[in-house]
Amino acid sequence: MATIQATVAAAEGLHARPAAMFAKAVSESGADVQIATGDSEPVNAASTLSLMTLGAQCGDVVTLTCEGDNADNILTKLKEHLEQSNS
Amino acid sequence: MTPALKAPFAGTLIPLEEVADPVFSQGLVGPGFALKPRDGEDVDVFSPIAGKVAKIHPHAFVVSDGMINVLVHLGLDTVTLKGEGFTLFAEQGDSVDAGQLLIRWSPRAVRAAGMDTTCPIVFLDSTGNVETLIDLQTDVEAGDVVARLSPTN
Chain A
40 MATIQATVAA AEGLHARPAA MFAKAVSESG ADVQIATGDS EPVNAASTLS
90 LMTLGAQCGD VVTLTCEGDN ADNILTKLKE HLEQSNS
Chain B
1277 MTPALKAPFA GTLIPLEEVA DPVFSQGLVG PGFALKPRDG EDVDVFSPIA
1327 GKVAKIHPHA FVVSDGMINV LVHLGLDTVT LKGEGFTLFA EQGDSVDAGQ
1377 LLIRWSPRAV RAAGMDTTCP IVFLDSTGNV ETLIDLQTDV EAGDVVARLS
1427 PTN
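Note that the protein sequences, when read in sequence, are chains A and B.
Reminder that position 75 of the first sequence reads as 114 in the numbering used here, one-by-one numbering, no gaps.
Reminder that position 133 of the second sequence reads as 1409 in the numbering used here, one-by-one numbering, no gaps.
Quick caveat, the hints were computed from the structure, so don't treat them as lab data.
What you were told as hints is all true, and nothing was included just to trick you.
Only pairs whose alpha carbons sit at most 16 Å apart, straight line, appear in this in silico EDC-like list of lysine to aspartate or glutamate:
#1 A/63 x B/1401
#2 B/1282 x B/1417
#3 B/1282 x B/1320
#4 A/116 x A/67
#5 B/1358 x A/51
#6 B/1328 x B/1367
Isolated chain A (complex conformation) (with noise of 0.2 Å):
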């Protein structure tokens, strides 16, 4: 299982509009993605209401897991786009 770190960059967090570009740009990975913050139980990254509900602020630190032969990869292009500031 491969896992990434990765610093949310979006003004507003993972809110509504930075969820759902990240849900959709997960979904189009193909891969299952889950996400977690430092204490919280990791959930489906590829959900807009899952990624709202963990509520991760910018500047937060979220950790990504993924599993599969393309992970590493898929996973360097997720943490790529949280961290864009127009993500």
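Guided by the hints, dock chain B onto chain A, whose structure is given.
Then chain B, alone, in the frame of chain A:
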């Protein structure tokens, strides 16, 4: 059959495509519609369905009944107001009835701050079609049954 949505406040029903925010108008947050509130202060916002408050911010909330997740976003870019002018009457995790008061806000103050008061109302994590049960571009009262989600497949 998923539950029908009640209008969370009075206003004019408009198509999601007319929302001046491309992420909402292109349906990227989810399918739905928008409601433009009447001008005023102390406008009460009621839950559109019975369910659990999955998330609540001063300017937005999600109510989920396990099948559908309804996001009501009060105005555009209103996150920048940091809650000023919004009063909350529920907390995350609360079970609420359709028509229960969740937030009180002031569309007038939002407009005075230079922001758009249009409120996208969308179904999160859904690819279904939204059927509006009242003609678009017409006025509705709070509690009117306005829309329903038709799953695709």
